[in-house]
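Letter by letter, the chains look like this.
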Amino acid sequence: MKLALFADVHGNLEALNACLEHSRKSGADLHAFLGDFVGYGADPVAVVDIVAAHAQRGAIVVRGNHEQTVIDASSSRMNRDAEDAADWTREQLGSAHRAFIEQLPLVARLDDMVFVHASAASPEEFPYVRDTVRAAESLRAARSTYVFSGHVHEPALYCTAPPNRIVAFTPFPGVAVSVPRHRQWLAIVGSAGQPRDGRPAACYAVADLERRTLTFFRVPYDWHAAAAKIRAAGLPEVLAWRLERGE
Amino acid sequence: MHKLQAGEHVDQFRVIERIHSGGMGDIYRVEADGVDLPLVMKVPQFGHGAPASNVISYETELTVLGALRGPHAPRLVGTGEITTRPYLVIERIDGALLKDWVEKAPLPAEEVARLGAAVAKALHDVHQQEVNHLDVKPSNIIVRPSGAAVLIDFGLARHAHHPDLLSEESQPPAGSAPYVSPEQLLGDRSDPRSDVFALGVILYELATGKLPFGSPTSGSALRKRLYRDPVPPRALQSGVPEWLQEVILRCLEPHPRNRYATAAQVAFDLAHPDQVAITERGRRTRRSGPLATLNRWFKAKGFEPITLAAPSAQLSRAPIVMVAIATVRGTEEGFDALRETVRRVTRDRGARVACVTVVKPTPALGGSNSSDNAAQQRLEHLILLRAWAEPLRLPAELLSMHVLESNDPVEALIHYAHVNHVDHLVIGAPPPSMPPKLRASTVSMRVAADAPCSVTLARS
Numbered sequence: 042m043k044l045a046l047f048a049d050v051h052g053n054l055e056a057l058n059a060c061l062e063h064s065r066k067s068g069a070d071l072h073a074f075l076g077d078f079v080g081y082g083a084d085p086v087a088v089v090d091i092v093a094a095h096a097q098r099g100a101i102v103v104r105g106n107h108e109q110t111v112i113d114a115s116s117s118r119m120n121r122d123a124e125d126a127a128d129w130t131r132e133q134l135g136s137a138h139r140a141f142i143e144q145l146p147l148v149a150r151l152d153d154m155v156f157v158h159a160s161a162a163s164p165e166e167f168p169y170v171r172d173t174v175r176a177a178e179s180l181r182a183a184r185s186t187y188v189f190s191g192h193v194h195e196p197a198l199y200c201t202a203p204p205n206r207i208v209a210f211t212p213f214p215g216v217a218v219s220v221p222r223h224r225q226w227l228a229i230v231g232s233a234g235q236p237r238d239g240r241p242a243a244c245y246a247v248a249d250l251e252r253r254t255l256t257f258f259r260v261p262y263d264w265h266a267a268a269a270k271i272r273a274a275g276l277p278e279v280l281a282w283r284l285e286r287g288e
Numbered sequence: 038m039h040k041l042q043a044g045e046h047v048d049q050f051r052v053i054e055r056i057h058s059g060g061m062g063d064i065y066r067v068e069a070d071g072v073d074l075p076l077v078m079k080v081p082q083f084g085h086g087a088p089a090s091n092v093i094s095y096e097t098e099l100t101v102l103g104a105l106r107g108p109h110a111p112r113l114v115g116t117g118e119i120t121t122r123p124y125l126v127i128e129r130i131d132g133a134l135l136k137d138w139v140e141k142a143p144l145p146a147e148e149v150a151r152l153g154a155a156v157a158k159a160l161h162d163v164h165q166q167e168v169n170h171l172d173v174k175p176s177n178i179i180v181r182p183s184g185a186a187v188l189i190d191f192g193l194a195r196h197a198h199h200p201d202l203l204s205e206e207s208q209p210p211a212g213s214a215p216y217v218s219p220e221q222l223l224g225d226r227s228d229p230r231s232d233v234f235a236l237g238v239i240l241y242e243l244a245t246g247k248l249p250f251g252s253p254t255s256g257s258a259l260r261k262r263l264y265r266d267p268v269p270p271r272a273l274q275s276g277v278p279e280w281l282q283e284v285i286l287r288c289l290e291p292h293p294r295n296r297y298a299t300a301a302q303v304a305f306d307l308a309h310p311d312q313v314a315i316t317e318r319g320r321r322t323r324r325s326g327p328l329a330t331l332n333r334w335f336k337a338k339g340f341e342p343i344t345l346a347a348p349s350a351q352l353s354r355a356p357i358v359m360v361a362i363a364t365v366r367g368t369e370e371g372f373d374a375l376r377e378t379v380r381r382v383t384r385d386r387g388a389r390v391a392c393v394t395v396v397k398p399t400p401a402l403g404g405s406n407s408s409d410n411a412a413q414q415r416l417e418h419l420i421l422l423r424a425w426a427e428p429l430r431l432p433a434e435l436l437s438m439h440v441l442e443s444n445d446p447v448e449a450l451i452h453y454a455h456v457n458h459v460d461h462l463v464i465g466a467p468p469p470s471m472p473p474k475l476r477a478s479t480v481s482m483r484v485a486a487d488a489p490c491s492v493t494l495a496r497s
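Chains A and B, in that order, give the protein sequences.
For the record, in the first sequence the residue sitting at position 95 is 136 according to this note's numbering, with numbers rising by one throughout.
For the record, in the second sequence the residue sitting at position 47 is 84 according to this note's numbering, with numbers rising by one throughout.
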């Protein structure tokens, strides 16, 4: 069994399709969408349709803060550009899309794995897990061997090590990392639709559930096309520029 | 796991005998059907009062050996599930521990250079594969009968592409006290030049029979190496040549940026003593005085290691560029084109440029002056190489000249590139006017086809 993990697609259809195609070639037979599949990008409708279709076939899907904003405008605590994009996204989505989003859980669990957009410690508050302290909180609350998350756009891997330490690691694309079960692991798979580490290629990861390995990938996609759609939709210019720069 | 008895089976492996027992666990000689290698099985000791670091060392060695390839690390043949039956089965390396040579030290300079170059090559090979060994010492190096060195015990190593379970370790820093580098003492495990420092300690030990920083046991005594320079090897052993002292003390510089940039460059200097640019380091006869030491102490206080993403980031900053210069038949236009290309490939980098030419061996006629003729020929070509390199204005420590004698220039150039870990080879291109059929058989094209590294053909 190979589980493909996608986070922070942010309405970027080109990036999602490229990652899905890559995961198909990698032999993934299970999918998890870790939230924030809308917001920022120009294709929220097409992306929600794809995610909903996967959900029907058994994919794991959890709600992110951008989905939260779409169904409850008052919950928003985002910056101006994100607000503008959220308002626009809300107008695009129909009632069926809203109904799909509304029934999504904040946390999902499968065997020894927990799926949550930000942190298992306080899923509804969407804190950023950017250091070993936050990672430890999420792992402690999850009480599982593996926690798969997004929210932070840069890929990262954390694990427990004796005595009571958390080790942080920046994954190297394409290298299968051994994630044995006697440690706890927290993987932030990185943003598919809006990478921010200076490289525009989309992030996603594949977990091999038999061999207990995790591979982070970077997938080149047509980011110029995705940026052009953002401009054509009249969304803030910075959202287009970010895709071309990966910043 | 309980102690294994001869004849007992662990998965497909059959125990022959126990060869070592220690705090880390036990080592057995084992065999397996269908495996044509001599094997050892390392069985770690977990729990029951064994240090927690045993688990981490086991996992680290498993990860690193599983990823390493090539002749300078043992092959990983089998492994057991960590929670139920942990073990590693690895290739048993034929040869003697470098420790055996240390016990005979001080050794002649030539032997120190030969052993040191073998270790440096092994280190460069693992650095190229993104691994820092970080526990380089004579008991962790096996010298094969062929003279090649093999690194063993990767329990403290770091692979840049895998989580480092030893990072952010609050325990006393890992490494062996006499050999550990200053930056490792400060918690940085990312720099391949840490292994260059340990290599410097080994060279010092082989050349003098003494350890440059002793075997300190307390933290403050360990940290002395951040600012106190060792007694110059020549002060202990007058037979140590200046070039060897230069190499040793450059490896032992407290700050990595003042050391050799790569282990390949150490191997290079040890293989070409006559090309070592000797500075004050090589000529020093005593340690620096109290004022200089105080100065270094202040510098050490502000010493902050820079964390490198991967060993290859450091390696690519300091490549060895080889230029094949046809001193016999070259043209001025061709020389200009070569220089321009070398300028381009070495821009903004600490590249080391090795200027190489191949000449025919002087015929040994049996006359008394045949060796004089050979020396005369070498000198003439060295002068031509120096004249070629002069306009590049490279500092002496980044430039070297080599006259190879061979009837087969292709073979000689490729052999040179191979043994010196050349990263990039620059050679003149055959003229476009030459018919394609002839072009394919030129030295340049044959070198380009078979070289172990990237090749640039410079066209005038």
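Just to be clear, a hint being listed does not mean it is correct.
[Claimed, not checked] Okay, derived cross-link-like pairs now, SDA-like style, lysine to any residue, Cα gap no bigger than 25 Å in a straight line:
1) B:Lys40 / A:His223
2) B:Lys136 / B:Thr116
3) A:Lys270 / A:Ala137
4) A:Lys66 / A:Arg118
5) A:Lys66 / B:Ala104
6) B:Lys141 / B:Gly246
7) A:Lys43 / B:Ala104
8) B:Lys336 / B:Pro278
9) B:Lys141 / B:Arg294
10) B:Lys247 / B:Ser204
11) B:Lys141 / B:Gly103
12) A:Lys43 / B:Arg323
13) B:Lys40 / B:Ala104
14) A:Lys270 / A:Arg121
15) A:Lys43 / B:His198
16) B:Lys247 / B:His198
17) B:Lys474 / B:Leu494
18) B:Lys136 / B:Thr121
19) A:Lys66 / B:His198
20) B:Lys136 / B:His198
21) A:Lys43 / B:Lys40
[As the list claims (entries may be wrong)] Now the in silico label distances, taken between C-beta atoms and shown as ranges:
22) A:Thr254 / B:Gly44: 33 to 43 Å
23) B:Gly256 / A:Arg252: 54 to 64 Å
24) A:Arg286 / B:Leu134: 52 to 62 Å
25) B:Arg354 / A:Ala96: 25 to 35 Å
26) A:Ser219 / B:Leu134: 56 to 66 Å
27) B:His292 / A:Ser219: 29 to 39 Å
28) A:Ser219 / B:Pro398: 48 to 58 Å
Since the hints were made in silico from the structure, they are not lab data.
In this text, all values refer to a predicted model and were calculated from it rather than measured experimentally.
We put the beta carbon where it would ideally sit given N, CA and C, even for glycine.
Exercise. Out of the numbered hints, which ones does the structure contradict?
Worked result: 2, 4, 8, 9, 10, 11, 12, 13, 16, 18, 20, 21, 23, 25, 26
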